[in-house]
Amino acid sequence: MNPALVPAPAALVGATVYVVEDDVGVRSSLELLLRLRGYVCVGFESAEALLAAGALRRPACAIVDVRLPGIDGLELARRLRAQEAPLPVIVVTAHGDVSTARVALREGAVDFLEKPVDEVELINAVEGALESDRQKVTISRERSEIRRRFERLTPREREVFDLITDGHHNREVAETLGISPRTVEVHRARIMEKLDAKRVGDLFRLRFALDAPESGA
Amino acid sequence: MSRLPEAARPTQSPAGNRRDAHWLPPTGWRQRLVISVAYVMLYVLLDFSTPQTWNPQPALAMALVAWGGLRFVPAVFAGALIAHGLASQSGVPGILLAALIIAAAYSAGGYAVGRYTRIGRPDAGARDLTRFLAVALVCAVLAALADTLVSLGERALPLRAIALATLERLTGNVVGVVVVGALLLQWAGGALPALLEVPGLRRRLLRDLMLFLGVLGATLFAIFAIKPLDEFRMFYLLFLPALAVAMRHGLGGAALAAALVQAGLLIALVLSQTRAATALEFQLLMLALAITTLYVGALAGERARQAEALDVRASELRRQSEALAEAQRVAATAELAGALAHELNQPLSAIANYARASKLLVEQNRERALLIDTLARIADESTRAGEFVRRMRDFYRSGQLRLQDCAAGELLAAAAGQASERATRLGVEIEVSCMPPGLAVMVDRVQIGTVLANLVRNALDALETRRGPRQLWLRAWAAPDSAEVLIEVADTGVGVAEEVRATLFEPMSTTKPRGMGLGLAMSKGIVERHGGRLWLESAAGPTRLRMALPAAAASPPSGV
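If you read the sequences in order, they're chains A and B. Going by numbering that gives the first Met the number 0, the first residue of the first sequence is number 0, and it counts up by one from there. Going by numbering that gives the first Met the number 0, the first residue of the second sequence is number 0, and it counts up by one from there.
Hints are computed from structural coordinates only; laboratory data are not their basis. Just so it is clear, CB atoms sit at the ideal spot from N, CA and C, and this is done for glycine as well. Be aware that one or more of the hints could be misleading.
[What the hints assert, rightly or not] Sample of chain A residues with no beta-carbon within 10 Å of chain B, all distances over it, derived:
| # | residue |
| --- | --- |
| 1 | Leu35 |
| 2 | Glu47 |
| 3 | Pro68 |
| 4 | Lys114 |
| 5 | Thr137 |
| 6 | Glu150 |
| 7 | Leu152 |
| 8 | Pro154 |
| 9 | Glu156 |
| 10 | Ala173 |
| 11 | Ser179 |
[Claimed, not checked] Stretch-level coverage of chain B by chain A, calculated; a stretch enters the list once three of its residues show a Cβ under 8 Å from a Cβ in chain A:
| # | segment |
| --- | --- |
| 12 | 207 to 213 |
| 13 | 236 to 249 |
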């Protein structure tokens, strides 16, 4: 058996592949093939149908035909890219030409395949896209978790957090805010508790995760 | 190895060398000194040897400065000073003053001509000539006045004599500057050498020159030697050969012609011992001739350059429109190919996916029902692809044939007419023949027209790269049984290669860099739908494609 075609890694089995393809034969054959390979596969007959589907299951990727009625594949890639934690898109075309490929990659497609698609290439592309999405989803989850915890801080605690993670000592924080060092210590203990931080170092890590730029955006 | 460059040298490198080495002003002081000394000697010699009514030496001064720049002003001054010092009896201040005025006038004039006109360059026009003449006139007047001023100091003369002497000098200066100056500048600027460097043009110029010299000699003989005729009334005859040369060879030729007329005239004047006053009148006529000839030459040159530019533009435009048509054809072909690829790739994709899925189903021991369903889908998709192919074929074969009686000669003439422009450009001669002339076929005029246009285009493509005779024949004649008409398209191209012959009429077989190879396949299809045949008649040698088409019922059988 071709080593590239071993069943998908356990961690990714159950990952979703969305197929956007107007040709019913191509779409259902692709769905069948991907399901047999262990993916959850959902087909859409148009870009509009996918966009209207609402929240998509993650991790996932989309295999999108370039020629679609209405919104075409390249436009769909552009729109998905504009979303938060964008869904990785693999663009497929029945008459591959260099310029389409270039536009597709510029619009944020992770891969470009030509029909009829070689199975090895297809699975490699899907695995690559899912892997990148899994990382994206993990990062995105962590970030939203941190945000959720932060929302529990009072405005004053937020100020204290900022000053501490800027590198100031308790005494300096107290001076800046016009409160006693003792009060600062109380705030700090509360912050640590609310943010589920064991050490002061954890506060710096959280600050870093918050300030890091959103990947892919 | 070295033979080829040597053979090429006579036409190329001396041209470049000569202009580079001799016709650009010298940069080294040594060369400048040699030229300056040579100039002064020539100037003094000319001043002594030429009659009052013809002064070529100012032209020499102007040409030197126009060509070499202001560096040669000292030489111009030295020449004027020595010439006047030797010739005149007036005092040192007078000589100095005259030399100063003359040198200043000619230097300024020469500089102005070199700087503000294109006289001497191959693209000089009538405007440049006008400027040159204006400068020449001003310089000549200044120099003549300076001479007169100096001679006033020598001895007292009646006013009439002074005026006549001034007029003589003025005329001599102007004629000298116009005739000799124009020639020298043409030579120095490279316009005349350029004429001589083109071998074909040089032969033409030399031939015209010989002819011109003959006519000039004969005309001068007629004017001066045949006594009963009035010399002045006959002068106009000199215009004709000079204008002819100007018309044919532009400003360069005109300058040469005017100079030769001047030389001939001077010789004739000396030989016939003409009086000074008469010589003055002749020189005025000469001036008119020179100016007219130069203007005609300038205008003829301008016109020739414009015609050339228009020609270049026209061919450029033609090339562009052809490139556009070609690009459109390629784009249309690409569009069609893209659509075909898309429509066929869809079912093929589905089939490939289902087949792989089937393989997985067997490997994973899944239920048989799903496998059976998947295999059925493979069959469905194959049918879909087949249907598409049939639809395509029907589409291209759809339009009902609109059969009508068509004169075979007209069909051939129309095909030849469509291709005539390209054929003319490629130097292809198209010959159309129809025997008997009234021969008619029962065909769809448009479709058979397309076939003929296609065959003619193929023939022209083949002839495009052909060296040697380029000929194309379109022939029609009645088949022996008169039920069919035979039409043949033949060319003098290299013929069809052995390996191509077998697949010549199959689609996608092409020897052309751009093309789908559909032309002959399509043509064959069309002819066969008419109940005719299309085949390659020539086994070897030049291509002959022949078709048999049903004759029209009304077609007169041959021989009736």
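Status of the hints after comparison with the structure:
| no. | hint | result |
| --- | --- | --- |
| 1 | Leu35 | violated (4 Å) |
| 2 | Glu47 | holds (20 Å) |
| 3 | Pro68 | holds (14 Å) |
| 4 | Lys114 | violated (4 Å) |
| 5 | Thr137 | holds (30 Å) |
| 6 | Glu150 | holds (47 Å) |
| 7 | Leu152 | holds (53 Å) |
| 8 | Pro154 | holds (58 Å) |
| 9 | Glu156 | holds (57 Å) |
| 10 | Ala173 | holds (68 Å) |
| 11 | Ser179 | holds (71 Å) |
| 12 | 207 to 213 | violated (count 0) |
| 13 | 236 to 249 | violated (count 0) |
Hint compliance for this structure: hints 1, 4, 12 and 13 are broken, all remaining hints hold.
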